[in-house]
Amino acid sequence: MSSPPHGPQRVFPTTRISVVEAAAGSDPEARRRAFDTLVAVYWRPAYLHLRLKWNLGREEAEDLTQEFFARAMDRGFFEKYDPERARFRTFLRGCLDHLIANVRRDERRLKRGGGATHVSLDFAGAEEDLALAAARGSEDPEALFHREWIRSLFTLAVDALRAECLESDNRIRFEVFARSDLDPVEGQARPSYRELAAEFSLPVTQVTNHLAWARREFRRVVLERLRELSGSDAEYRAEARELFGMDPP
Amino acid sequence: MRRLPDATVAHLRRVADWPELPGDRYEVLEAIGQGGMGTVYRARDRVLDREVALKVLRPEVAGPEWTSRLEREARVLARLEHPGIVPVHDVGALADGRIYYLMKLIRGQRLDEFARTVTLSEILRAFLRICEAVGFAHAHGVVHRDLKPSNIMLGAFGEVMVLDWGIARVAGAVEAEPPSGTPARAAAEGEDTAPGTVLGTPGFMAPEQATGAVHLVDERTDVFALGAILRSVVNARPEDNPIPRPLVAIWDRAMAQDPAARYASVGDLSAEVTRFLDGLPVHSYREPALERVARLYGKYQTAILLVLAYLTMRLLFLVLRGL
Chain A
1 MSSPPHGPQR VFPTTRISVV EAAAGSDPEA RRRAFDTLVA VYWRPAYLHL RLKWNLGREE
61 AEDLTQEFFA RAMDRGFFEK YDPERARFRT FLRGCLDHLI ANVRRDERRL KRGGGATHVS
121 LDFAGAEEDL ALAAARGSED PEALFHREWI RSLFTLAVDA LRAECLESDN RIRFEVFARS
181 DLDPVEGQAR PSYRELAAEF SLPVTQVTNH LAWARREFRR VVLERLRELS GSDAEYRAEA
241 RELFGMDPP
Chain B
1001 MRRLPDATVA HLRRVADWPE LPGDRYEVLE AIGQGGMGTV YRARDRVLDR EVALKVLRPE
1061 VAGPEWTSRL EREARVLARL EHPGIVPVHD VGALADGRIY YLMKLIRGQR LDEFARTVTL
1121 SEILRAFLRI CEAVGFAHAH GVVHRDLKPS NIMLGAFGEV MVLDWGIARV AGAVEAEPPS
1181 GTPARAAAEG EDTAPGTVLG TPGFMAPEQA TGAVHLVDER TDVFALGAIL RSVVNARPED
1241 NPIPRPLVAI WDRAMAQDPA ARYASVGDLS AEVTRFLDGL PVHSYREPAL ERVARLYGKY
1301 QTAILLVLAY LTMRLLFLVL RGL
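Protein chains in written order, with our numbering: chain A, 1 to 249; chain B, 1001 to 1323.
Honestly, the hints are just simulated from the structure, not real lab data.
None of these values were measured; they are calculated from a predicted model.
One or more hints might be untrue.
To be verified - Label-pair restraints from in silico Cβ distances:
#: 1; chain 1: B; residue 1: 1298; chain 2: A; residue 2: 140; range: 53 to 63 angstroms
#: 2; chain 1: B; residue 1: 1106; chain 2: A; residue 2: 199; range: 32 to 42 angstroms
#: 3; chain 1: A; residue 1: 163; chain 2: B; residue 2: 1207; range: 30 to 40 angstroms
#: 4; chain 1: A; residue 1: 242; chain 2: B; residue 2: 1261; range: 53 to 63 angstroms
Stated by the list, open to error - Chain B side only, calculated, beta carbon under 7 angstroms to chain A, not exhaustive:
#: 5; residue: 1004
#: 6; residue: 1008
#: 7; residue: 1016
#: 8; residue: 1023
#: 9; residue: 1105
#: 10; residue: 1319
Just so it is clear, CB atoms sit at the ideal spot from N, CA and C, and this is done for glycine as well.
Generate the whole structure from the sequences, applying the supplied hints.
So this is what it looks like as structure tokens:
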């Protein structure tokens, strides 16, 4: 699977400024990094949305996904975002629909390549997601967009947490977390605390402590990213409640 | 970047907030409720092979000061042996600092659900049992502070259980002499909730609690909540006949803004409800003459009808004999 243009450690802005604000701001470096984050989180939901809602063919959906983010960067789509009116992801989906409507109205097809700056995106992997969604039966495009958005958010958070743990002395904590919560495949039982303790040669208490720490850190990273990706504090809180069923601190 | 499968995403959403108890004695099974103060889980005690309830307080209620305070209070609560008070088995702090309680797992119906299916007198009898449990706690210096219908369960045989003593206040070790003529102030000493800290549930929270005036919190704070509960459950009942005005007067007085204007104790409140149930006048309500006649008729209906029947027969007998 190909990676986004910058490694996971570099995807997120280091400041706590909202990515949404940075994407619409005047600092070119902050803008570029904010766009990297937005592409990393939203490209897959956007691509699947085009495939499912607009019934676009693979090539056309790939082109328009690239085109969408290129236009958003060049033409300042996100400057028009008003947090009072909608959640950011709803606004972004609306921009995408608007782009398609324009393209169709003008009977203008984008040439493959189209002059847009391409980033490396794993469209083949997204096609696998689409096949899985089809296998699940009819799926509302909005629900699929939301599901893929959460998946992207969590995937980036796991990568960020892994990077943080490897840089610090927390490798074992991440390994216990990965073995317990990330590795097991569907239908396979997750290892018990005792099994994890035996596998890592740790006391059971240590296993529960490591797991508690890693899960707490994972939630912290997700919430940080979520805050950065939200247009307002109200949106952030509402999204956090939906994600974890609780108000964020 | 490895794509996370659906099952992993769902699992992460579930466990990101999952409590990990120290050791492996308890297995946390599922979340069974969420309230303002925290989340309740069903857990299994592997040693005793029984299910228990685990309540994990919100992260805001964390830290060494809270832990020591709640541990101290749990010790007091553990001594509150009453059939209407849920037993606390243990209290402690999770690895992430959140405070947890292990309690008996109660199965039954919540008071608000119960009230939607029964008559007024059944509601009032259940209410009196709630008052008994709360009054018992007050007698031991404990103020609940978060009484509400969802914190009260009723078992299959009508037994009442008051839950969630997690934010209860316990009198300090050095109890000051209460001012003459006022109830013992459960929280007069041991002021360990910072002024301005607001814990409780809007709608059932007394003004002194809602404004964070912790020095004013005492058993009359629970009297206020009980008045709010009474109002809530009486209004929830399925019968659509008018609510008796003495009952309204009872909860109005229990919910007075000024604690001094409320019933001085839960015992006084339950005595009023008992008087109402027995068809006696309640002290909080000045009864108009017509209502008094109606109440007396309702209370002595059988006797009045028997006397009237006797007098009618007697009259008929005299009339017939005179013919």
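Hints and how they fare:
Distance hint for residue 1298 of chain B and residue 140 of chain A: a CB-CB separation of about 59 angstroms, consistent with the stated range 53 to 63 angstroms. The supplied range of 32 to 42 angstroms is met by residue 1106 of chain B and residue 199 of chain A, whose beta-carbon atoms lie about 38 angstroms from each other. Checked against the given bound of 30 to 40 angstroms, the beta carbons of residue 163 of chain A and residue 1207 of chain B, roughly 51 angstroms apart, lie outside it. Restraint check, residue 242 of chain A to residue 1261 of chain B: a C-beta distance of roughly 44 angstroms breaks the suggested window 53 to 63 angstroms.
Residue-level restraint check for residue 1004 of chain B holds (minimum Cβ-Cβ distance to chain A is 5 angstroms; threshold 7 angstroms). The interface hint given for residue 1008 of chain B holds, since its Cβ lies 6 angstroms from the closest Cβ of chain A, which is under the 7 angstroms cut-off. Interface restraint check: residue 1016 of chain B against chain A, minimum CB-CB distance 4 angstroms, threshold 7 angstroms, status holds. Residue-level restraint check for residue 1023 of chain B holds (minimum Cβ-Cβ distance to chain A is 5 angstroms; threshold 7 angstroms).
Annotation: residue 1105 of chain B was flagged as interfacial toward chain A, and the flag is violated, the nearest CB pair being 21 angstroms apart, outside 7 angstroms. A cut of 7 angstroms between beta carbons decides the hint on residue 1319 of chain B: the least distance to chain A is about 79 angstroms, and the hint is violated.
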